[in-house]
Every structure is written in structure tokens, then in C-alpha cells.
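In case you want the letters, here they are:
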Amino acid sequence: MSVKLTEEMLSALPDARGHFGAFGGRFVSETLMDSLMTLEKEYNRLKKDPEFQARFDKELADYVGRPTPLYFAERLTRETGGAQIWLKREDLCHTGAHKVNNTIGQALLASFLGKKRIIAETGAGQHGVATATVCARLGLECHVFMGAEDVQRQSLNVFRMKLLGAQVHSVQSGSKTLKDAMNDAMRDWVAHVDDTFYIIGTVAGPHPYPMLVRDFQSVIGRETRRQCLEKTGKLPDALVACVGGGSNAIGMFYPFLGDESVELYGVEAGGLGLETGKHAAPLCAGRPGVLHGNRTYLMEDENGQIAATHSVSAGLDYPGVGPEHSWLKDIGRAHYVSVTDDEAMEGFRKLTRVEGIMPALETAHAVAYAIKLAATMDKDQTVVINVSGRGDKDINTVAKLEGIEI
Amino acid sequence: MSRIEGVLKTLKGQGRKALIPYITAGDPHPDVTVDLMHTLVAAGADIIELGVPFSDPMADGPVIQLACERALVHGTSLRQVIGMVKEFRKTDDSTPVVLMGYLNPMEAMGYEKFADAAKDAGVDGILTVDLPPEEADEVAPLFTERNLDAIFLLAPTTTDDRIRAISEHSSGYVYYVSIKGVTGSATINVEEVAAKVNHIHELTALPVGVGFGIRDAETAAAVGRVSDGVIVGSVLVDTIARNQADTGQLKRALTDLLHPMREALDSLAS
Ligand SMILES: Cc1ncc(COP(=O)(O)O)c(C=O)c1O
Chain B
1 MSVKLTEEML SALPDARGHF GAFGGRFVSE TLMDSLMTLE KEYNRLKKDP
51 EFQARFDKEL ADYVGRPTPL YFAERLTRET GGAQIWLKRE DLCHTGAHKV
101 NNTIGQALLA SFLGKKRIIA ETGAGQHGVA TATVCARLGL ECHVFMGAED
151 VQRQSLNVFR MKLLGAQVHS VQSGSKTLKD AMNDAMRDWV AHVDDTFYII
201 GTVAGPHPYP MLVRDFQSVI GRETRRQCLE KTGKLPDALV ACVGGGSNAI
251 GMFYPFLGDE SVELYGVEAG GLGLETGKHA APLCAGRPGV LHGNRTYLME
301 DENGQIAATH SVSAGLDYPG VGPEHSWLKD IGRAHYVSVT DDEAMEGFRK
351 LTRVEGIMPA LETAHAVAYA IKLAATMDKD QTVVINVSGR GDKDINTVAK
401 LEGIEI
Chain G
1 MSRIEGVLKT LKGQGRKALI PYITAGDPHP DVTVDLMHTL VAAGADIIEL
51 GVPFSDPMAD GPVIQLACER ALVHGTSLRQ VIGMVKEFRK TDDSTPVVLM
101 GYLNPMEAMG YEKFADAAKD AGVDGILTVD LPPEEADEVA PLFTERNLDA
151 IFLLAPTTTD DRIRAISEHS SGYVYYVSIK GVTGSATINV EEVAAKVNHI
201 HELTALPVGV GFGIRDAETA AAVGRVSDGV IVGSVLVDTI ARNQADTGQL
251 KRALTDLLHP MREALDSLAS
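Residue numbers (UniProt numbering), protein chains in the order written: chain B, 1 to 406; chain G, 1 to 270.
Please keep in mind that the hints were generated in silico from the structure rather than gathered at the bench.
Just so it is clear, the structure is predicted and the values come from calculations on it, not from any experiment.
Positions of the beta carbon are idealized from the N, C-alpha and C atoms, including for glycine.
Fair warning: there could be bad hints in the mix.
Quick list of the computed label-pair ranges, beta carbon to beta carbon [claimed, not checked]:
no.	chain 1	residue 1	chain 2	residue 2	range
1	B	A16	G	A195	30 to 36 Å
2	B	F112	G	D31	40 to 46 Å
3	G	T187	B	E346	53 to 59 Å
4	G	H199	B	R17	26 to 32 Å
5	G	E202	B	M9	42 to 48 Å
6	G	G75	B	R353	36 to 42 Å
7	B	F112	G	E138	34 to 40 Å
8	G	E202	B	R17	27 to 33 Å
9	G	H29	B	K372	47 to 53 Å
10	B	T6	G	T159	52 to 58 Å
Just chain G, same shape as in the assembly:
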């Protein structure tokens, strides 16, 4: 069983939902990323999605675009991001880490080299925004062989046939993108999301994480009610942008943001 599967199974046994924060590695500076990852765990994170910065983040709104730019100013590379996970693992070998990013940096590094390095560093899952399963023939087996979970996206526009096919290619969890739009753009319609997530649950046995549009305890609880986990991104990244000058203050701000979400999610447990 992968670390991701294990964590999600334990939570399910407790009737709890996963809190999955996203931050972009290297933002605001490569030196503080590992520290921020530990902060997220202390504030209640169950799994961390660590963004790999890319020069052309086509599926991201301005908040995460700027995070990529801040990270790339310091030359944050995929190799360095993997190094950060290795560093994180020195003191935390229980919190799963998912690398989330775009295909080209992985292709430039070489898929086999990337998969080996990720496994060696203690990465648990890979989510590639611009890699639908149709194009993953070459890459996905390299992940599976190494027991790295391949996490694919589902969207409001995904048909039932595709939901089934994508779920078959996925392990760990599937990530439901709750809105038609880029990260950080619109507010979610909780009822629509609930209906779609319930439907996805009918088509796959995999846990369903829901991301895009979750910004506070209230939306986290509303989405947590129907899903297995909530992914929180832009609101955290925006907090990083606003507190980049002072790491101490930044860590407090991230904690203040995540804590109420953790509590709201746990209050759902029956």
C-alpha cells in the first residue's frame, strides 16, 4: 500500500477528511520551502501537493502564475524540488507528498531519471496537469513500477466514459477540478460540486479529492461533506505573496488559514 493510500484509508476509518494544501516549491524562496512544508503539516495537513514551477503554467490563474515567477527568479528546478522533498523526509516520513506540475520539466529531465529521483527522495505521487491518460502510455508505467501514485484530473466537462477510463489509470486518489476555469478564478457552486462528486463516487472506488475554489473553513466543510479530501491552493499562495518578506509572520499566517479548515473538516466526523 502506498503512503497516500494508507493515509486516506486511516482517515476514512476515522470518518475524517483529508486536508491537502498546495504550495509552489521555491516560493517565495527555495530556502524556506521545506520549513513551510513542516508548517503545513503542523497546521493539520494530511497530504502536501508541492507545485513544480513552470514558465508557462497554462492551467493556473494569476496567483499561481506569480508564484511560479517568484520561484523561477531563484532558478528553482525540478531537481531542486526533488531535493526539497528529500530534505523534508529527514524529519517527516509519514506525510505523503505529491508533486504537481507540467510535463515539460519532467520531459527535459528524462522520465526515467525523474521517476528514480522522485522515488529515492520519498515522493509519493505525481500529478501532471497537461498529461491526460491518453498521452501517458510511456510515462505512467515508470511511476507504477516504482509505486509512485499517478494522480489524474477529472473536470466538470469529463464524460462518464472518461471518468471510468481516467480512474482506471489513477491510483491514490483522483483530483476533481471543481470549476470550469483556472486556479483561483471563480467561486464554487457547492450543490453542483456535490452532485458531480457523488456521481464520480458511483463510477470509481478511488478516493476523490476536490480542488479549485476552496478558500476558507466554510467552503472546505461544504466540499468535505461530499468528498474524501479538499485541496487548498490559491488562497495559501496568495498568503505567501502577501507575507513573503517575513518568514515567521508567513508561517503564522499559513497556520491561521489552515487551522480553521482542519477544525471545520474534523467537525464533520461523526
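This is chain B alone, in the form it adopts within the complex:
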């Protein structure tokens, strides 16, 4: 069901108003419009500025540790008995996840724009840690908004952020999770719009965020494409990535969008099962609406109130998704699927035991689906999993699920 997307079509997206087809855009209160338009203008200028790009590349190489390896998971492939399974090792990035590719890019933008105060939202705390890290690196003041519920669940990451010098604001409103953290970050931004840069952690939010986060994360797909050609002599047959807001997935997919033969699979959090309503899979089971500055697939009730989400993985526990994914779904270029909490845990155990690589619980969703997919494919085909992060942060959650006290 692949769709041919030409170079021309792709470079025209998003359009001048930040739309990906019917999705995206800029739905914010008036106070923020001027800042967003300035950011868009400045980003479009810096994107073509050799000095900015050289600085970004240097940070990715020397600070983040890029390029990350493309690793052949030989034992997993043998046990699965289908396509060759390769792993793009974003878990080896500094701070343990792909998130830092984006935070370093946005923090540099902030520096070039002369903004000294940084705010960010976080769910699991990975984006918060990545932001606090680059703020320490660049000498910027850092405020992280985190739902009170998540502050409890992810106390280790809260402590990491504090060690890095960030101020963590516990958000008491609404469901006290990621979406509410994002609301409060937006509210803070409205109040400090003159001196503050908002580093959004995924490809969501108002234009130009979905575009610029995609651009910063696209280094994942560009490297993967080159490494695949070097190591296997051809393009991969399928790419698999987990989808929370969708930044690691779009970073992997984007450089392959024009390659018709490459099938793209985004894996959402199926939670306790789509039929239970307790999940975080807006692309699989939601409908289009407007939240956090853009139009996209959402989980909502019949009155347009945003629904509560559930996932074993805090980083996927979000009722929306980046607008470019909504577009890719509607035009049929990418497939969006889900796996349950239990299947993800199975994927976590499998990769840990068979390859000695402990994935983040977010990533474990991609692993679980890729194993199912590879089993249906031929031995001469290849599947690449984006290993978006490592699982150390999830040890407490895993232990709890297994009834073990650490």
C-alpha cells in the first residue's frame, strides 16, 4: 500500500502555515503568535547557516557520540526465524536516548537567539534530563515541568535533573501527567515570552516545532540509510519505531519517505488492549482534534474532552501524536499498529536476554512488534528497529511488575 512521495512533495511539507495536509498548524493563544513566527523565521535562516549547522554537527559527534552504530542482532534474528533484524543504537546516545539529538539542536537555537531561560515538559523524565543536560553544557537556566504523578513514578530522573542544576516544577493540574506538564510549560511561556525558549520534547506542539524537531531527529534516519547501504548493500525492507509523540519514529522515517520500497511501522502503546480504552494509541483508536497547538489524532471523549491514557511506559503515555504522523497515516505511507503492556514487557525481556541490550520500555514496544513482523518476512529481507533508549530508567517499574523490591 506504499505511496510514492516525490522530493518536491516532501520539501513542501509542512506548508507555510505549518500544515501537513489537514494536520499541524498553529493553534495557540495570541500572546505566543509573535514568538512562534519569530522562531520560524530564525529557524529557517539558521537551517541554512553553515556556522549553525557545523556547530550542531560537532555537538552531535563529540557530545552526543554520533554516529550511533547499526548493529546486526544475530541471535534475535536466528531465534525469530525470519527477516534479518538490525538495531539502530540510539540507546548509546549521551543520556541514554534519542531525546538529546533534539535538545542539543533547540538549545543551540536558543543560544543563537540570545535566550537564557529554558523551559521544557517531561513525562518519564528523559526529555527533562536531556534538556537539563544541555542546559548545564551551555550554561542556560533550566525549568522542567513534570506532572505530580510522574514526579512520584520517576523519582530517579527527578533527582538526575536536580543534580544537573534544573528546577523541577511539579504540576498539580488535570491528570498530573505529561499532557498537563505541557499545559503548564505553555502557561509559563506565555508569562515569560520575552526571555524564555521552550524546548518541546517531541514532534508535537504548534508550528514550527513539529518541523524543527523532525529536522533535528532526522540524523537517525540519515545515518541508518547510509549504514544500511554500507552493511547490507541495500535499503531496509521495513523500519520499526515506537510512537509516543513520535520524534524517534519521524527521525527514523523521514529520510526514507521517498523510498517506496521501505515499509514504515509506528508502534503505539496498546496498554491493557485497545478494546479496554486503557491505552495511549491515538493513531490506532483516536480521531482528529486540536490539542497543544496542532491538529492531530487525539484520544478524546465524545464531547471533545481529552481522555485519560494508560501505558506501562511513561514516555508513550500521551493522548496526542505529532501531526506529520497523522498525515502519514491518512495518506497510507506509514502503518500504525499497537502492542500491549504485556507484549512490550515480553519484548523487553527478549532483547535483554538474547542480545544483552536492555531497551527502554518505550522501545520495547517497537521490539515486540518487530519480532512479530520479522517472523512473517523472508530471510533475505531486513528490518531495522529504532532502539530509541536504554532501559536503566525503567528498572524500578520492571521490578515492581515482577513483585521485586529493590
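Place chain G with the ligand on chain B using the hints.
Same frame as chain B, now just chain G with the ligand:
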């Protein structure tokens, strides 16, 4: 002429300023909202801004966030809010009502259905906090066709070009957000507000209502001096929160709050 235009024109003829209270529909309970609307009118309201509760009110401070939560506990939906206006209209067909809220509940209902139902109920204007005119191509014409006023926000950060463009998309009045911040957060700097509002008057012929940061007779008068109307929100909603247990007492408290503002505004009339 729309009901909003008519009211603002009459006030202007009298040299008076509009008093525009905001409450969240369904707070503290859907059953009392219509009663509270009549109370506001009796206490001197010229136009009512009726908030449509939303689960994620990104532009609101804690006071209105909590009001949304109280309303949503009782499942207050956009349909019900429209029903409240219909009920209100049974005994008041002169006070304009503006629905103020976020886009998603309208999108979920369907824009055409929403516009029809709002018109039928006697709603006069729609103010959508997270809908800048750039994104309103599809929605705004549905309002205009039905003679519903589309009211857009102006902010301290709005450039002159945008003030002109936004005013062109607006009817009824434009709403100037007096502070950089969410509802109920900061105290206003009256001189800055006056300068900006005077400037806005140079760029548009539409009446200018000023909201955010008006909490008593003194701030109402100071802002009323330079604008065509004052919008009072968080301080009313806070009063609702503190008197939610006793509707009689709540109505007295709201009246006690609005009355001095009405008098202060009217004392400006020359
Ligand atoms: C390791 C990891 N993968 C994936 C995600 C989900 O985010 P996104 O879909 O933007 O990649 C997170 C978010 O916290 C994460 O920490």
C-alpha cells in the same frame, strides 16, 4: 446589527462602558449557571462571557482551571452549555452572550452543527482562545453567515500588522489581553494598558474590551477610562469557588463584587 454591536453602540451613545463578566458554565454545578447569569445581569452586566469548560485550558491560570474541573465533574458538555443559553434566553433576550472556550469541543461537535445550535439558542458571539485568525478560514465564515460575532484576542505582543489583520477578521469587539500571562496571574500596569489600547483604537474602529487583571472597582475604572468595556473573570470565578456550597450566598457575593464596578464605570460617564 448584532445584539453585541447594538449594546455597545447604545452604551457609547450614553458615554458609558460595558461591564463584561466571565463565568465558567457548569461551575459549581450545571443547574445553577442560568440563575447566575441572571444574577450577573441584575448586578449590572452588559454582556456575558460564558466559558465552555475544557480538560486542558492552556491559557488559564489555576482559578479557571479549577472551575473547568468542577464543571467537568458534572459532565458539562458544549451541547449543555448551549442549552443553558437557550434557557437564559427565555427570560432575557437583550443581554448578549459570548461563548468563550477552546477549539476542540467545537471541533468534536462539528463546526456546522455547533454554529447552528449556537445561533438557534441565542448565542451572540464566539471567542476561541486557541484559534488565531490564520487557522479560522474554515470556521469563521460559518459564524459570519449566521450573524454570530467572531471575537479574536489581541495581546501585548501583537504587532501592528497583526492588530490590523485580526481586527479585520473580528466583529462585535476585539478582546485585548492586558498582561503577558495566563488568566488571574499578574496585576496590570494601567499606564501600559492605556498606551496600548489607545494605539489599538488608532488601528481599528471596533470597540475594544480589556480583560485579564481586573479585580475591583478601582482597576475597572482605570481600564474603563481608556477602553470600551472591561472583562472580569478570575475574581468572579474565585468567588464562585469560595461560595459554592450556598447558592444564595454565592449570588449575593457576585452582586457585591460587580455592583461597585458598575458604579465606578458609570461614574466615568460625563
Ligand atoms: C526512550 C524513549 N523512546 C521513545 C519515547 C517517546 O517519544 P517519541 O515518540 O517522541 O520518540 C521516549 C519519551 O520519553 C523515550 O524516552
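Results for each hint:
Here the CB-CB span from A16 of chain B to A195 of chain G is close to 33 Å, well matched to the stated 30 to 36 Å. At roughly 55 Å, the beta carbons of F112 of chain B and D31 of chain G sit outside the given window of 40 to 46 Å. Hint check: T187 of chain G to E346 of chain B, Cβ distance near 56 Å, so the stated range 53 to 59 Å holds. Roughly 27 Å separates the CB atoms of H199 of chain G and R17 of chain B, a value that falls within the hinted 26 to 32 Å.
Checked against the hint of 42 to 48 Å, the C-beta distance between E202 of chain G and M9 of chain B comes to roughly 44 Å, which is consistent with it. Look at G75 of chain G against R353 of chain B: about 48 Å separates their beta carbons, and that is not inside 36 to 42 Å. Our hint of 34 to 40 Å for F112 of chain B and E138 of chain G holds, since their Cβ atoms are close to 36 Å apart. Checked against the hint of 27 to 33 Å, the C-beta distance between E202 of chain G and R17 of chain B comes to roughly 28 Å, which is consistent with it.
Taken as a hint, the range 47 to 53 Å holds for the pair H29 of chain G and K372 of chain B, whose Cβ atoms sit roughly 50 Å apart. Hint check: T6 of chain B to T159 of chain G, Cβ distance near 37 Å, so the stated range 52 to 58 Å is violated.
In this structure, the hints that do not hold are numbers 2, 6 and 10, in rising order.
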